[in-house]
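J.: Chains E and H, in that order, are what the protein sequence lines are.
Numbered per this note's numbering, the first sequence spans residues 1 to 215.
Numbered per this note's numbering, the second sequence spans residues 1 to 242.
Hints listed in this document are in silico derivations from the structure and should not be mistaken for laboratory results.
Quantities reported herein were computed from a predicted structural model and do not represent experimental measurements.
Glycine included, every Cβ here is placed at the ideal spot set by N, Cα and C.
Hints may contain errors.
[Said to hold, decoys possible] Derived DEER-like restraints, expressed as beta-carbon distance ranges:
hint	chain 1	residue 1	chain 2	residue 2	range
1	H	Ser33	E	Asp131	21 to 27 Å
2	H	Val182	E	Asp194	58 to 64 Å
3	H	Ile57	E	Leu45	45 to 51 Å
4	E	Gly195	H	Asp99	16 to 22 Å
5	H	Glu204	E	Gln152	17 to 23 Å
6	H	Ile57	E	Glu64	51 to 57 Å
[Unchecked claim] 27 Å max Cα-Cα, derived BS3-like pairs, lysine-lysine:
hint	chain 1	residue 1	chain 2	residue 2
7	E	Lys49	H	Lys234
8	E	Lys38	H	Lys97
9	E	Lys38	E	Lys49
[Claimed, not checked] Covered stretches of chain E, going by a simulated chain H footprint (3 or more residues, C-beta under 8 Å):
hint	region
10	169-177
11	193-206
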Amino acid sequence: MHRNDRPATARWLAAATFALMLGATAAHAQDAPDALVKRVSEDVLQIAKTDPRVQQGDRARIKEVIDTKLAPHFDFERMTALAVGRSWRTATPEQQQQLIEQFKTLLSRTYSNAFVQYRDQQITYKPLRLDPSATEATVRTEIVRPGGNAVQIDYSMAKKGNEWKAYDVIVGGVSLVTNYRDEFNQQVQSGGVDGLIKSLAAKNAAPTPPPPVLK
Amino acid sequence: MRYEMIRTFTRVALVAAGLALAGCASVQTGAASKDDPFEPWNRAMYDVHQVVDGKMIKPAVQAYVDYSPKIIQRGISNFFGNLDDVVSVINDWLQWKLDKAGNDMGRVMINSFFGLGGIIDIASDAGIEKGNEDFGQTFGVWGIPQGPYLFIPVLGPSSVRDGTGLIVRAYASPLSYIVTDVPVRNILYGVGFVDARAQALQSESFVDQAALDRYTFIRRAYLQRRAYLVRDGKPAPADEDD
Numbered sequence: 001m002h003r004n005d006r007p008a009t010a011r012w013l014a015a016a017t018f019a020l021m022l023g024a025t026a027a028h029a030q031d032a033p034d035a036l037v038k039r040v041s042e043d044v045l046q047i048a049k050t051d052p053r054v055q056q057g058d059r060a061r062i063k064e065v066i067d068t069k070l071a072p073h074f075d076f077e078r079m080t081a082l083a084v085g086r087s088w089r090t091a092t093p094e095q096q097q098q099l100i101e102q103f104k105t106l107l108s109r110t111y112s113n114a115f116v117q118y119r120d121q122q123i124t125y126k127p128l129r130l131d132p133s134a135t136e137a138t139v140r141t142e143i144v145r146p147g148g149n150a151v152q153i154d155y156s157m158a159k160k161g162n163e164w165k166a167y168d169v170i171v172g173g174v175s176l177v178t179n180y181r182d183e184f185n186q187q188v189q190s191g192g193v194d195g196l197i198k199s200l201a202a203k204n205a206a207p208t209p210p211p212p213v214l215k
Numbered sequence: 001m002r003y004e005m006i007r008t009f010t011r012v013a014l015v016a017a018g019l020a021l022a023g024c025a026s027v028q029t030g031a032a033s034k035d036d037p038f039e040p041w042n043r044a045m046y047d048v049h050q051v052v053d054g055k056m057i058k059p060a061v062q063a064y065v066d067y068s069p070k071i072i073q074r075g076i077s078n079f080f081g082n083l084d085d086v087v088s089v090i091n092d093w094l095q096w097k098l099d100k101a102g103n104d105m106g107r108v109m110i111n112s113f114f115g116l117g118g119i120i121d122i123a124s125d126a127g128i129e130k131g132n133e134d135f136g137q138t139f140g141v142w143g144i145p146q147g148p149y150l151f152i153p154v155l156g157p158s159s160v161r162d163g164t165g166l167i168v169r170a171y172a173s174p175l176s177y178i179v180t181d182v183p184v185r186n187i188l189y190g191v192g193f194v195d196a197r198a199q200a201l202q203s204e205s206f207v208d209q210a211a212l213d214r215y216t217f218i219r220r221a222y223l224q225r226r227a228y229l230v231r232d233g234k235p236a237p238a239d240e241d242d
């Protein structure tokens, strides 16, 4: 009896640890939307503050951070569909794929430009009261810059399978997706869906404008 | 001389409005945005702005940002921010937002007396939030729609409603009552303009990277932003699916 105890305990411990690890992973994947936004933002902010390559403005490294830390939490397909609007349904699957790819590139290039600039910011996260069965949520955050006005940044999120993903970012009341809708409409009207793809590709191929001035 | 600034404002707005109407009558091509019936005219004004701003104003403002001490820039921003707070108080009252009026009044008093005439923004450090109300927003709260979008050279994006608000603001400007010496006042107006333009430099580089067509991008961002300010940051009504 005594002798058997030890292996049993060890086995139990191992099983418990395994279960805990599983549980932790599962909990991670099922972060509530507000917890997710907070975790990802703090993570990225931490990198912006401490990573020497990011601070030197190393584009490749910044792109890597965006691709691995940020992009997985966005639903680019939905973002693109919303921005393209009516013409989305008439576009072929190949066109849709190209649109998603180009739009994703444009957004991450834009974001990488803003990346270094905002490292001394502080983010406050507004608590979110959410029904457990909800599949849509708006997570509200506020960026406080020293000496500047607070800027409200909201994330529109939807539950996709087991995970929450953002499909719009609203900065100071300006929705990114809505802002692109006019632009995309205009391009589609003058050159069709292919025209839009071409303009996006041209924009993405152009050299990045010089980094912004710090005030 | 005395109403130099106001005259300029009025003239620009009247000329813009008048010519915009003319432009509307003559050109109706493409599917113009319903918010921007004067698009051909506005685009022409936008091109004028790009030249004047890009060749003259922006380089000067950039030099100011690069070469003048940050602490002086901050002080200037705060000084004009304090004047904006006075305008906020008036508009808080006009919108009957009494809590906000008290708040903004408190900011003006604290910053004017203890912040050396507004040069130091003690109120913000103490956590008293800025009201940021203006006449255009007041008209919006009263139920007046934006009206056609207007792009005014040098001043930037506006609308018939907000442009009217700017004219009212020019008349109501606290500076015109406090400073009676005209040359000094004109210099102050100039400094205020440089400060306002400097604030916009940062978001501009964002637009350069993000936009396929800067004109369209700025127009939608402006209209969204103003609607948001009129709602006081409350969530937008559900977006119609088109």
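J.: Confirm or reject each hint.
T.: Do the hints match the structure? See the list:
1. In this structure the hint that serine 33 (chain H) and aspartate 131 (chain E) lie 21 to 27 Å apart at CB is violated, the actual value being about 37 Å.
2. Separated by about 59 Å at the C-beta atoms, valine 182 (chain H) and aspartate 194 (chain E) satisfy the suggested range of 58 to 64 Å.
3. Evaluation of the 45 to 51 Å hint for isoleucine 57 (chain H) and leucine 45 (chain E) yields a failure: the beta carbon distance comes to about 34 Å.
4. Judged by the Cβ atoms, the range 16 to 22 Å given for glycine 195 (chain E) and aspartate 99 (chain H) is violated: they are separated by roughly 51 Å.
5. Against the hinted window of 17 to 23 Å, the Cβ-Cβ separation of glutamate 204 (chain H) and glutamine 152 (chain E) comes to about 20 Å, which satisfies the hint.
6. Isoleucine 57 (chain H) and glutamate 64 (chain E) have their C-beta atoms about 38 Å apart, which leaves the hinted 51 to 57 Å range violated.
7. Straight-line distance between C-alpha atoms of lysine 49 (chain E) and lysine 234 (chain H) comes to about 32 Å, which puts the hinted pair past the 27 Å bound.
8. For the suggested pair lysine 38 (chain E) and lysine 97 (chain H), the alpha carbons sit about 33 Å apart, so the restraint of at most 27 Å is broken.
9. Of the supplied pair hints, the one linking lysine 38 (chain E) and lysine 49 (chain E) holds, its CA atoms being roughly 16 Å apart against a limit of 27 Å.
10. Coverage of the region 169-177 of chain E by chain H holds [criterion: at least 3 residues with CB-CB distance below 8 Å; count 4].
11. A stretch counts as covered by a chain when three or more of its residues have a beta carbon under 8 Å from one of that chain; for the region 193-206 of chain E and chain H the count is 3, and the coverage holds.
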